Every structure is written in structure tokens, then in C-alpha cells.
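Listed in order, the protein sequences are those of chains Z and X.
No gaps in the numbering here: position 89 of the first sequence is 88 in numbering that gives the first Met the number 0, and each next residue is one more.
No gaps in the numbering here: position 22 of the second sequence is 21 in numbering that gives the first Met the number 0, and each next residue is one more.
Honestly, the hints are just simulated from the structure, not real lab data.
A portion of the hints provided could be inaccurate.
[Unchecked claim] Quick list of in silico lysine-lysine cross-link-like pairs, BS3-like style, CA-CA up to 30 Å: (1) X:Lys-217 to Z:Lys-17; (2) X:Lys-62 to X:Lys-114; (3) X:Lys-217 to X:Lys-114; (4) X:Lys-114 to Z:Lys-110; (5) X:Lys-62 to X:Lys-100; (6) X:Lys-96 to Z:Lys-17; (7) X:Lys-120 to X:Lys-27; (8) X:Lys-100 to X:Lys-60; (9) Z:Lys-17 to X:Lys-60; (10) Z:Lys-110 to X:Lys-217; (11) X:Lys-114 to Z:Lys-17; (12) X:Lys-60 to X:Lys-27.
Owing to the predicted nature of the structure, the values given are computational and were not obtained by experimental measurement.
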Amino acid sequence: MSAQTTIPTPRSPYARRKTTRGNFELYSWVFMRASGVLLLVLVFGHLFVNLMVGDGIKAIDFAFVGGKWASPFWQTWDLLMLWLAMIHGTNGVRTVINDYAERDVTRGVLKGLLLLAFTFTVVLGTLVIFTFDPCPADAPAELLASFCTA
Amino acid sequence: MTAVLENTANTAQDGQAGAVASFEVTLKIRRYNPEVSEEAIWEEHTVTAHGTDRVLDALHKIKWELDGSLTFRRSCAHGICGSDAMRINGRNRLACKTLLKDVNPDKPITVEPIKGLPVVKDLVVDMEPFFASYREIMPFLITSGNEPSRENIQSQADRDRFDDTTKCILCAACTSSCPVFWTDGQYFGPAAIVNAHRFIFDSRDEGATQRLEVLNDKEGVWRCRTTFNCTEACPRGIEVTKAIQEVKRAMITRAF
Numbered sequence: 000m001s002a003q004t005t006i007p008t009p010r011s012p013y014a015r016r017k018t019t020r021g022n023f024e025l026y027s028w029v030f031m032r033a034s035g036v037l038l039l040v041l042v043f044g045h046l047f048v049n050l051m052v053g054d055g056i057k058a059i060d061f062a063f064v065g066g067k068w069a070s071p072f073w074q075t076w077d078l079l080m081l082w083l084a085m086i087h088g089t090n091g092v093r094t095v096i097n098d099y100a101e102r103d104v105t106r107g108v109l110k111g112l113l114l115l116a117f118t119f120t121v122v123l124g125t126l127v128i129f130t131f132d133p134c135p136a137d138a139p140a141e142l143l144a145s146f147c148t149a
Numbered sequence: 000m001t002a003v004l005e006n007t008a009n010t011a012q013d014g015q016a017g018a019v020a021s022f023e024v025t026l027k028i029r030r031y032n033p034e035v036s037e038e039a040i041w042e043e044h045t046v047t048a049h050g051t052d053r054v055l056d057a058l059h060k061i062k063w064e065l066d067g068s069l070t071f072r073r074s075c076a077h078g079i080c081g082s083d084a085m086r087i088n089g090r091n092r093l094a095c096k097t098l099l100k101d102v103n104p105d106k107p108i109t110v111e112p113i114k115g116l117p118v119v120k121d122l123v124v125d126m127e128p129f130f131a132s133y134r135e136i137m138p139f140l141i142t143s144g145n146e147p148s149r150e151n152i153q154s155q156a157d158r159d160r161f162d163d164t165t166k167c168i169l170c171a172a173c174t175s176s177c178p179v180f181w182t183d184g185q186y187f188g189p190a191a192i193v194n195a196h197r198f199i200f201d202s203r204d205e206g207a208t209q210r211l212e213v214l215n216d217k218e219g220v221w222r223c224r225t226t227f228n229c230t231e232a233c234p235r236g237i238e239v240t241k242a243i244q245e246v247k248r249a250m251i252t253r254a255f
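Pulled out of the complex, with its shape left as it was, chain X reads as follows (with noise of 0.2 Å):
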């Protein structure tokens, strides 16, 4: 999904930059106040929307022009801090990386909190079962011996074996659209598992026996169904059904 400049050649005629083509986008947005009404409802804003516009660039208009009160996360708006995961015409997306003109502006868009996780107020959702399962999985460097004098040093081999799951921005993208996280949130969830596989497969890391004992659990890598959700969700495109089942074979050739 790269913008492409669509008028070029009108450009190098006139010598002019094309004016870059608006047209109006109605949202359909999920809100939820629990101070006015435990009800959720749904509401529509019609705004004005450029070709290059983001979904995102549509919500700040309805908020900063419209109505005051919508409450949505965002943070760096350029698809890395990963606070704006939300669900966008039926599909977890971050908002801040879906150009309208992708998600068929031509009919309402659809947007609604993740699911999966309490809902806070309109779009923000409680993180903190995300972030529990994730801190569970220890994700930070476990060796032993003396503290290293110099670099640790790995090969480029090394390095790429796990390089698909150092992308992980924390958006939960992944983890609210798996359907079993949906109805057992005690399961860990993609995310977890895919920052666990970033460490057992890190060739300087001495944890994997600890992460894959944290995973080896009723509510771990075994209650994955490979539905592929979490892969489609993914907004870093990390390919986590994948990741999941190498842990789950680390998991086999670790207990035979």
C-alpha cells in the first residue's frame, strides 16, 4: 500500500502540482461513554477527505471539527508506536496506515474498539491483559555468566532467525482478532507468543527453557488453532501463525 502520485502527468505539462482529489467519507464509529449510558451505539459523521488521507486523518477531523468527545488512542501517527489498532471495516488495522481510498470510501466505514479487551470509552480498550501475558513471557535478554567487556556477537544467520519477530510494535492487532483469545482471554495470544519466539530463538538469549515452559501451559501455544487471523491482522506483516508453530515445534523436539 504505497501513495502514488496519480496526476504526474498533468504536472509536467503545466508545471503545476495537481490539486489532489477530495471527496466526502462518512465513518460509522462504535461509541461507548459508560458516564452517559452502559449501551454502546453506533454514530455516523460525514467529513471532507483528501486521496492521500488515512483513516486516522479522518477521525481527527470528526474530533477536532465535529464532536469534541470521540475518544480514540494515537500516538506517533506513522504506524510505529502502535496505539492506534482498531477495527476498520471488520478487520484490525491501524488507523494511521489505512488510506481511505482503500477501505472503500464510497460506503460508510465501519470503526470500532478491538475486541476481545474491555472497552474503556469509544475506541480505547484496557491493555493491561495484553501487556500481563506479554511481561509473563519475560521479554527481555536472559543470560548468565560475568556481564560481558565487549559487543555480543552474532552472525548474520544468527540474526535472521529470528528477525520477522523483532517487528512487533505491541498494537494487539493480532491478539483481538484471534477468536479464541475473543472467547478465553485468558489465553496468551499471538502477540505474547511471537515476542516469546523473538528470545527462544535468539542465539545469545540462555531463557528459552523458561519462555517455552511459560508457553508449554493449557492456555499457551496449544490453544492456537491456526486461523491465521493474527497473520492477517498483522499491520508489521509478521507472518505470527508461522512464528507460533515453530514454538510449538521447539515445544515437541524439546519433550521427545
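Chain Z extracted, bound-state conformation (with noise of 0.2 Å):
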């Protein structure tokens, strides 16, 4: 206990640091949600036409998947479950950052990394899905999948 003379002055009262009203967290809570559903169904029906439906599992190789890619409806599916999934998953990541990153810097950091992460993935994934083609023109003959005839 230290000789103090001097009263210190009264804390400041709290504060809010301020306000962010707005319908982001409430679109972010129902995307949440409805994606999910729309996963469920997207994810189950993938996992049941590729390891389930006629020849099951063994019928997976390459001549599969661009088979299925050369469907606009396959297109469309995969696109959407990528895309879905995507940001499902990376606006739970976000929540468990804003939950756990006490620091301002910390939180900023990671969430950064975390939407490069996001990006990247998309981009990557739909440029596939829309410009794959299994038997490229001008390719060396010996790099071809065997069902590729000129």
C-alpha cells in the first residue's frame, strides 16, 4: 500500500466502441441456414450418383467425371454446391474468428488470409468446372485418356 496522495480520476463511464447496426449478421444467419438444407440435398445426391448408382464406386475414373461435366445440369450442380459450400463454410470460419480473436490485429489478419483462401478455391473450382474439356485439341496423342478419338 503506497503512500498515495493524489485521488485518481473517476474511470470514464463505458462505452460502446460503436455502433454496427445493419442486416449483414441477419442475411449471414439465414444464408446460414437455408444453405444448409440446400447442402444436405446437393452433397447426399452427389455422394449417391457417384458411389451408389449403376456401377457404384468402380465406375469412377476420368472418362467419369468429364463425362458428368459435359452435362450443363452436372455444371450446374457442382457449381452450386462449390459455390454454397464455399461460402457456408468460410462464414463459419469467419464466426469462429470473431468469436476467439480477441486482438483487433489477429482478427484482421485472419480473416484476410482466410478470404485469399475463399477466393482462391472459387475461382479455381469454377474456372474448371466451366472450361474442362478431357480431350484438348493440340495435345500429344500419348497424353489423351483412351477415349479421346480424333
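Both chains come to you apart, so use the hints to assemble them.
Written out as C-alpha cells, the structure is:
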């Protein structure tokens, strides 16, 4: 106990740093529920078609994937699955970061990395789904799949 | 948790009140005094207590007979004022509503200040952030028009709609049990939302939109992760998580 003679100034009243009102968190909350239900259908539909229909798991090879992506239906299916899963997952991790990162800098850096990973995966995935060509025209013959007949 | 007279049979036989069993109980208390040290320490005291004693009685005994410097809040000591919420054996409870025999007095009982709020001394925390959030949701009746000349009558069903959340005593047991609040002190917290719920669903109140607007915040209801810690901690048995979900639903139906 020190012999303190000066009386410290009363602490300033607690104040909210800034109000962050808006519908963003509301829409994100609703999106998580809606995309979750849709993903259940998409993911289990994907697993069923790939692993159980026809020859089942033995049918999966390069040709099978190539054949699927030749159809606009499966292109749309996979695109929807990719985007919904990526946004759903990224939003989930964003929430985890918000919950656990106490310092503003840590939170910012982690969210930046998350956004980078998200953008990379989504751009790459979308590009593959739309530009995938199992038999490129100018590729050397020995690299082509067996079903590619020129 | 009701106190039961255990020796009814004896009393009936010899016409004498049976003596209440007494036992030794050790309290392990988190002590903090910034004038002495910045470090908080654990301190143990053993006192004689009776089967009908509450944790608060043991704390009183320590303060009055063993160590007068022990600091804690209590006002009514009967579970109404909400002053003595503390973390007892790792759970938020009111010291005045918790019987020693219910928290296993065979082992030392740990007593800590509630988490997430700045500790001032020993078991006393700075409640200001908690009350600031409470004030922000405008915990008063908002109406328009002329001043009423008679009672503002409400049906029983309308009253029942928000009955549960009128029970809040602002002890902060729920808010300080919330893991989101522990890391993010800016979160409004369950207590503020419960008290907003009390007015949002009151048929006489006209400020629901304003209150929903306040809580439709990054730090508002959307930070709730439905861990149910608050519902478990509430000494008044309010279904806190349910109330928070009802506020969320009101926001969604308003937005779409």
C-alpha cells in the first residue's frame, strides 16, 4: 500500500466502441440455415450418383468425371455445391475467428487469409467446371485419355 | 432446491426440535486486491456450517469472524436483488440461493467473481459494461398518443407472452456465463436481450421496432451461439436462450 496523496480521476463511463447496426449478420444467419438445407440435398445427391448408381464406386475414373461435366446439369449442380459449400464454410470460420480472436490485428489478419483462400478456391473451381475439356485439341496423343478419338 | 426438515420423525417422538447437522466446510476464494498485488490468489478458509446454510452464510462467517477484508456484494440476501452472483464450483449462481449441501461440501468449494467483467476487488466486479448494454435496449415502456386516463389493460394471453422475461433481476449470471461475452465485451449479452424481449413482446409497448433495430447489430442477437450457458446459469429459471431465439425470429419476420 503506497502513500498515495493524489486521488485518481474517476474512470470514464463505459461506452460502446461504435454501433454496428445493419442487416448483414441477419442475412448471413439466414443464409447459413438455407444453404445448409440445400447442401444436404446437393452433397448426398452427389454421393449417391457417384458411389451408388450403376457400377457404383468402380465406375469413377477420368472418363466418368469428364462425362459428367459435359452435361450442363452436372455443371450447374457442382457449381452450386462449390459456391454454397465455400460461402457456408467461410462464413462459419469467420464466425469462429470473431469468437476467438481477441485482438483486432489478429482478427484482421486471419480474416484476410480466409478471404484469400476462399477467393482462390472458388475462382479455380469455377474455372475448372466451365473450361474442363477432357480431350484438348492440340495435346500430344500419348497424354490423351483412351476414349479421345480424334 | 427446497430446504427440507429432515428429522421430522425424531421431533414427533420426543417433542423436541432435532438439531440441524453441522459440518466443516472449506471455501477456496479467489482474492484480488489491486492495492496489494496485481495478481489474484486463491485463499482457503474453513468454517463450521449447518445443513441449512447457504454459500452466502459461509462467506458472512469468514468476513465477520475470520477475515474482515473479504469483499463481496450482497443486499437482500434472499435471491431478489441480484447482487451476489458469483462463480461457485465453476458455475454462476447466487450465493444466497445456493445451499452448501448442494455443492458438495466434502471438497473445498471454489468461489470466484463472475467472468468477463473487470474485477474491482475480490468478488466485486465492475457492472458498468453490463448496465450500459441494458440501458441501450431502452428498458422502459414506449408509447405514443395522449397520456392514458385509465389503466392500460392487457389480456392474460398477452401478458403470458412475455411473462418469463419479466423475472430478470439483473444479477449478470447469464451474461457472465456466456463464452461469447468472455472474449467480446462489446456483445450486448443475454441479460440485455432478455430485457428487450420483455418489452418487444408486450402488447402495450410501441418501441419494438426501435429495440429490434438496436439489437440487429454485429454485437447484438446474431452473436448468440445457442450454447445454453445462460439458461443454465439463470437463478430465476428464465429460458434465456429461448427468449434470444424469439427475438431473432421477430427480426427475421420483420426483414422478409
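Regarding the pair Z:Lys-17 and X:Lys-60, is the alpha-carbon distance no greater than 30 Å? Answer violated: Z:Lys-17 to X:Lys-60 is near 45 Å, above 30 Å.
Quick one, are X:Lys-114 and Z:Lys-110 close enough, alpha carbons at most 30 Å? Satisfied, since the Cα-Cα distance of roughly 27 Å is no more than 30 Å.
Please work out if X:Lys-62 and X:Lys-100 have their alpha carbons no farther apart than 30 Å. This hinted pair holds, its Cα atoms lying about 20 Å apart.
Does X:Lys-62 pair with X:Lys-114 here, judged by a C-alpha cut-off of 30 Å? The given pair, whose Cα atoms are some 22 Å apart, holds under the 30 Å limit.
Is X:Lys-96 close enough to Z:Lys-17, meaning Cα to Cα at most 30 Å? Not OK: X:Lys-96 and Z:Lys-17 at ~38 Å, beyond 30 Å, violated.
Are the Cα atoms of X:Lys-100 and X:Lys-60 separated by 30 Å or less? With a Cα-Cα distance of about 16 Å, the restraint between X:Lys-100 and X:Lys-60 holds, given a limit of 30 Å.
Between the alpha carbons of X:Lys-217 and Z:Lys-17, is the straight-line distance 30 Å or under? 10 Å, holds
Could you grab the alpha-carbon distance between X:Lys-120 and X:Lys-27 and see if it respects the 30 Å cut-off? 16 Å, holds
Is the straight-line distance between the alpha-carbon of X:Lys-114 and that of Z:Lys-17 30 Å or less? Distance ~23 Å between X:Lys-114 and Z:Lys-17 Cα, so the pair holds.
Is X:Lys-217 within 30 Å of X:Lys-114, Cα to Cα? 22 Å, holds
Does X:Lys-27 lie within 30 Å of X:Lys-60 when you go C-alpha to C-alpha? 14 Å, holds
Could you grab the alpha-carbon distance between Z:Lys-110 and X:Lys-217 and see if it respects the 30 Å cut-off? 16 Å, holds
Comparing the model with each numbered hint stated earlier shows that hints 6, 9 do not hold.
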